[in-house]
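Colleague: Chain by chain, the residues run as shown.
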Amino acid sequence: DAGVTQSPTHLIKTRGQQVTLRCSPKSGHDTVSWYQQALGQGPQFIFQYYEEEERQRGNFPDRFSGHQFPNYSSELNVNALLLGDSALYLCASSPRDIREKLFFGSGTQLSVL
Amino acid sequence: QKEVEQDPGPLSVPEGAIVSLNCTYSNSAFQYFMWYRQYSRKGPELLMYTYSSGNKEDGRFTAQVDKSSKYISLFIRDSQPSDSATYLCAMSAIGTGGSYIPTFGRGTSLIVHP
Chain A
1 DAGVTQSPTH LIKTRGQQVT LRCSPKSGHD TVSWYQQALG QGPQFIFQYY EEEERQRGNF
61 PDRFSGHQFP NYSSELNVNA LLLGDSALYL CASSPRDIRE KLFFGSGTQL SVL
Chain B
114 QKEVEQDPGP LSVPEGAIVS LNCTYSNSAF QYFMWYRQYS RKGPELLMYT YSSGNKEDGR
174 FTAQVDKSSK YISLFIRDSQ PSDSATYLCA MSAIGTGGSY IPTFGRGTSL IVHP
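Heads up: the sequence lines are chains A and B, in that order. FYI, in my numbering the residues of the first sequence are 1 to 113. FYI, in my numbering the residues of the second sequence are 114 to 227.
Rather than coming from a laboratory, the hints here were simulated on the basis of the structure. Please note that a few of the clues may not be correct.
Distance condition first, Cα-Cα at most 20 angstroms in a straight line; then the derived EDC-like pairs of lysine to aspartate or glutamate [stated by the list, open to error]: (1) A:K101 - A:E51; (2) A:K13 - A:D85; (3) A:K13 - A:D62; (4) A:K101 - B:E170; (5) A:K101 - B:D171; (6) A:K26 - A:E53; (7) B:K155 - A:D85; (8) A:K101 - B:E158; (9) A:K26 - B:E158; (10) B:K115 - B:D179; (11) B:K169 - B:D196; (12) A:K26 - A:E52; (13) B:K169 - B:E158; (14) B:K155 - B:D196; (15) A:K13 - A:E75.
Some, not all, of what chain A presents toward chain B, calculated at C-beta under 8 angstroms [stated by the list, open to error]: (16) G40; (17) P43; (18) F45; (19) Q48; (20) R55; (21) Q56; (22) K101; (23) G105.
Quick partial rundown of chain B residues pointing at chain A, CB under 8 angstroms, derived from the structure [as the list claims (entries may be wrong)]: (24) Y145; (25) K155; (26) P157; (27) G210; (28) S212; (29) I214; (30) P215; (31) G218; (32) G220.
Built from N, CA and C at the ideal position, the CB exists for glycine as well.
Could you build all of it, start to finish, from the sequences and the hints given here?
Modeller: Next up, the structure:
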């Protein structure tokens with residue numbers, strides 16, 4: 001049973017560019033949440049998707065957007081990249097009946113130069 | 114004041130020691146409490162999940178929640194070098210969208226030396 005998979009594992013971009021990160025949830029999970037983790041900090045909630053809609057959003061600007069597909073996979077898009085967007089981006093999936101119980105992927109390490 | 118406070122450490126202990134990791138919180142609406150373990154360059158792994166005050170045991174791990182003091186702990190018995198990792202506490206309250214969204218502490222770095 002595959003867990004949460006994320007791609008790519010590493011990414012280097014320059015300021016002002018746009019990036020798309022991808023996530024496939026664990027089998028049987030319908031909910032995907034995205035988190036940003038800066039070095040030495042805990043994960044910060046970006047947003048949560050289920051039933052192909054954004055259900056909740058953390059304190060992140062509109063440059064951060066997402067999408068969930070009918071097969072429950074998800075994308076995170078970040079526009080107009082800033083140096084401060086450099087971080088580990090984590091995707092977590094959870095089952096319908098326990099959405100707070102998160103199962104994380106290994107993350108995408110984004111470096112903005 | 115942050116909603117969830119966690120000492121970043123590092124906490125260094127000898128193999129076989131009992132480890133105590135702690136978090137305090139300010140939001141009395143938090144209802145679910147979790148501990149995650151994160152190895153370097155990996156995603157967090159769920160270790161313990163609990164709802165009520167009191168203790169919950171799973172193998173060498175015991176999670177303790179004291180809602181009256183807004184204080185949670187994770188105890189690791191017979192610690193091993195493989196336990197060396199960052200331990201994140203997380204707790205959740207219901208959000209505007211109807212789901213419980215976990216809020217994480219910054220993590221405590223644990224080093225277990227042979």
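Colleague: Hint by hint, say whether it matches the structure.
Modeller: We went through each hint and held it up to the structure:
For the proposed pair K101 (chain A) and E51 (chain A), the alpha carbon gap of about 17 angstroms is at most 20 angstroms, so the pair holds. At most 20 angstroms may separate the alpha-carbon atoms for a hinted pair to count; K13 (chain A) and D85 (chain A) meet this at roughly 10 angstroms. Only pairs whose Cα atoms come within 20 angstroms are accepted, and K13 (chain A) paired with D62 (chain A) is accepted, the gap being roughly 19 angstroms. Between K101 (chain A) and E170 (chain B), the direct Cα distance comes to roughly 18 angstroms. Compliance with the 20 angstroms bound is thereby established for this hinted pair.
Proposed proximity of K101 (chain A) and D171 (chain B) is supported: the alpha carbons are some 17 angstroms apart, at most 20 angstroms. For the suggested pair K26 (chain A) and E53 (chain A), the alpha carbons sit about 18 angstroms apart, so the restraint of at most 20 angstroms is met. Of the supplied pair hints, the one linking K155 (chain B) and D85 (chain A) holds, its CA atoms being roughly 19 angstroms apart against a limit of 20 angstroms. Restraint check for K101 (chain A) and E158 (chain B): satisfied, since their Cα atoms lie roughly 11 angstroms apart, inside the 20 angstroms limit.
Note on K26 (chain A) and E158 (chain B): the hinted pairing holds, with a Cα-Cα distance of about 13 angstroms set against a maximum of 20 angstroms. About 19 angstroms separates the Cα atoms of K115 (chain B) and D179 (chain B), which keeps this hinted pair within 20 angstroms; it holds. Between K169 (chain B) and D196 (chain B) the alpha-carbon distance is near 19 angstroms, which keeps this suggested pair within the 20 angstroms criterion. Restraint check for K26 (chain A) and E52 (chain A): the C-alpha separation of about 16 angstroms stays at or below 20 angstroms, so the hint holds.
Between K169 (chain B) and E158 (chain B) the CA atoms are separated by roughly 17 angstroms; this keeps the pair inside 20 angstroms, and the hint holds. Distance restraint check for K155 (chain B) and D196 (chain B): the Cα-Cα separation of roughly 14 angstroms lies within the 20 angstroms cut-off, and the hinted pair is therefore satisfied. In summary, the hint linking K13 (chain A) to E75 (chain A) is supported, as the alpha carbons are separated by about 17 angstroms, within the 20 angstroms threshold. Here the hint on G40 (chain A) is kept, as its CB sits about 7 angstroms from the closest CB of chain B, short of 8 angstroms.
Given hint, P43 (chain A) at the interface with chain B, holds; its Cβ is 5 angstroms from that chain's nearest Cβ, closer than 8 angstroms. Restraint check, F45 (chain A) versus chain B: the minimum CB separation of about 6 angstroms is within 8 angstroms; hint holds. With a least beta-carbon distance of about 6 angstroms to chain B, the hint placing Q48 (chain A) at the interface is held under the 8 angstroms criterion. With a least beta-carbon distance of about 4 angstroms to chain B, the hint placing R55 (chain A) at the interface is held under the 8 angstroms criterion.
At about 4 angstroms, the closest approach between the beta carbon of Q56 (chain A) and any beta carbon in chain B falls short of 8 angstroms, and the interface hint on this residue holds. At a threshold of 8 angstroms, the smallest CB-CB gap from K101 (chain A) to chain B is about 6 angstroms, leaving the interface hint in force. With its C-beta approaching chain B no nearer than about 5 angstroms, G105 (chain A) sits inside the 8 angstroms limit, and its interface hint holds. The beta carbon of Y145 (chain B) is positioned within 8 angstroms of a beta carbon in chain A (closest approach about 5 angstroms), and the interface hint is therefore held.
Because the beta carbon of K155 (chain B) sits about 5 angstroms from the nearest beta carbon in chain A, less than 8 angstroms, this interface hint is met. Hint status for P157 (chain B) relative to chain A: holds, with the closest Cβ pair at about 5 angstroms, below 8 angstroms. Contact between G210 (chain B) and chain A, as hinted, is supported at the beta carbon level, the nearest pair being about 4 angstroms apart and thus within 8 angstroms. Here the hint on S212 (chain B) is kept, as its CB sits about 5 angstroms from the closest CB of chain A, short of 8 angstroms.
Given the 8 angstroms rule on beta carbons, the hint for I214 (chain B) holds: about 6 angstroms separates it from the nearest Cβ of chain A. Interface restraint check: P215 (chain B) against chain A, minimum CB-CB distance 6 angstroms, threshold 8 angstroms, status holds. About 5 angstroms separates the beta-carbon of G218 (chain B) from the nearest beta-carbon of chain A, less than 8 angstroms, and the hint is met. The beta carbon of G220 (chain B) is positioned within 8 angstroms of a beta carbon in chain A (closest approach about 6 angstroms), and the interface hint is therefore held.
In summary, the structure agrees with every hint in the numbered list given earlier.
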